Amino acid sequence: MEKRVTFSKWTIGILFAVPQLILIFTFFYWPAGQAVYWSLTLQQPWGGGNIWVGLDNFRSILSNASYWDSITASMIFAGISTGLAMTIALVLAALTDRQLAGSWLYRVVLIWPYGIAAPALALAFRFILAPEAGFMAVVNQVWPGFWDPGLDGTDAMASIIIAFSWKYVGYNFIFFLAAFQAIPRSLIEAAAMDGSGVIRRFWDIQFPLITPTIFFLLVINITESFQDSFGIVDIMTAGGPANATNLMVYKIYSDGFKGLDYSGAAAQSIILMLLIIALTIVQFRFIERRVHYR
Amino acid sequence: MASITIRGVKKNYAKTQVVHGVDLDFASGEFVVILGPSGCGKSTLLRMIAGLEEISDGTIAIDGTVVNKLEPRERGCAMVFQNYALYPHMSVAQNIGYSLKVAGVPSAERAQRVQAVARVLELEHLLDRKPMALSGGQRQRVAMGRAMIREPKVFLFDEPLSNLDAKLRVQMRSEIRKLHRRLSATSVFVTHDQVEAMTLADRLVVMNGGRVEQVGTPAEVYSRPASRFVATFVGAPAMNMLEGTVTLDGLSLLGGSRKLNVSRTGLPVGAKVAVGVRPEAVRMVAPGTPGALAATVDLVEELGAGRVVYVDLDGAPFSIVTSETVHPEPGSTVGLQFAEADLHFFSSETGARLDVFKASVPEPVL
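If you're matching them up, the sequences are chains A and B in order. Counting from 1, one number per residue, gives the positions in the first sequence under our numbering. Counting from 1, one number per residue, gives the positions in the second sequence under our numbering.
It is worth saying that the hints were derived from the structure and are not from the lab. Check each hint, because a few of them may be wrong.
Unchecked claim - Listed below are several chain B residues computed to face chain A (Cβ distance under 8 angstroms; list not exhaustive):
| id | residue |
| --- | --- |
| 1 | 79 |
| 2 | 85 |
| 3 | 98 |
All values reported here derive from a predicted model rather than from experimental measurement. Ideal Cβ positions, reconstructed from N, Cα and C, are used throughout, including at glycine.
Go ahead and model the full structure; you've got the sequences and the hints to work with.
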């Protein structure tokens, strides 16, 4: 039988939980509640009262074409960067899984990008992807005008996608490698005896067996691409050119702190929160349904 | 049906050599069991036949074709793994039919052949289940089915019964035996369990430390072990082994404390030997019987049908298996008697079997 610690009085249990509850309340529920309140009012930029406006802020945002552009940009960014980061990590992990000598080194080296703060890596990529110097300057030398994220929205989007993906490849790699190594060697050998080649084994055996990891990373990557992209956008493109990279999280900042539209920004952050909650629900559904193979 | 020819096969992992030049011939349709303690290289040898390990040196030929450079799938072998290695995300039917699917067999024919195999193995009612919903014995049978469906030339078994409980192991043992009689494909079965080895094998290969110690029928290996290692490894309880020296009138055992009168052995006087006698070949007699060795009883193990008596012979452990209803008290003294023909002689230096009691045998150089 499992031994459980029980408290004779529920108050003792509550006391143990209080420090954690205070933290969560102070840094999550209170600000979130405040944002909900602001989103339903019209805040004055320099203080001095507010007016209750109900859902007007939401109506105005959702009827604004530039907000929908921002949602579209965020979706494109989330889709491509998640796809890129996961595919590259999956391929690297599959290859590493076959040759394990020194795999500890790959693990250490590949987790580093994840440890770098987004603005720092954005600055690095700003230099790497600068059209007038660095690597892309060489490409521009060959095909003049091929690359200019300062003028071309697509190039700008590509820049932030590359920077974000680079950061998450390492993170995904660690999870994928762990998932691959959790597959018993004998399963792969049995498939080899059954006549299955390397590629076929990957699709028939390894891939289905790491689906729980794939789903987990999919949701983490998408969620993070909505939130963790702020620093990268701010340093690399500042939402430009022509709002091409004005992702939802960046638009909240620029509308709120640059445009001083606190109420509109609060409403936007509520929408982003709802979107992430929806994605989290999807994640939980997948975790609930996750197959336990053994 | 295929013969397997193994010539000078070696296996190195980086700097350590685990298989030191093995030569073996398995006849077509034979059931060969490779027996040895863990780490003796038996599984490595099997995996080299399967194509799962590279062959460092030497050749392995299946049906006369050298397969060293062939992929596992091109060798015509099927393998049953120790942990069954069933694909956890596939149903039983998909597990069994996977090799056919890879080979591009149409699904109708595939289903039919899966059915046929399932019928033989009594798995028909389980075809839609996932491996996790099966018992150990059922998983074992699915693993067998996956190997059978390919109608392989060679069956390879890598300790397939060691994860089963004792009762199921006995049952699966006879099923494997029956299956082999039915399919009569060449089978190579690796195990560290000597009972499994003795009961299954047409021919037994005993390995130790990466070398083949003896090849023969189970009866041959039991009655004429080729080395001291084989003598003590095969048979339970293990063969009693007493160190001794050849004297003019017989043997001086255990550093001279015991004398044993035997016929002329043909061994040079002064030769150091190990004398073995199986516990089953020892008879307990009243202490003081002429020619018997006196020993002190340590422990008696009741086996139901018989008992194992452990005695102490001047500090050397010695065991006797008897079916007589005697119950010697621990601490009492008993006499031990055995026939000359039941004695096995091994060189103390090399461990090799020494042929004795034969006039025609020249005196070996020791």
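Here is what the structure says about each hint:
1. Nearest Cβ of chain A to the Cβ of residue 79/B: about 5 angstroms, under the 8 angstroms cut. The hint holds.
2. Given the 8 angstroms rule on beta carbons, the hint for residue 85/B holds: about 4 angstroms separates it from the nearest Cβ of chain A.
3. Of the supplied interface hints, the one on residue 98/B holds, with its beta-carbon coming within about 5 angstroms of a beta-carbon of chain A, less than 8 angstroms.
The structure agrees with every numbered hint stated previously.
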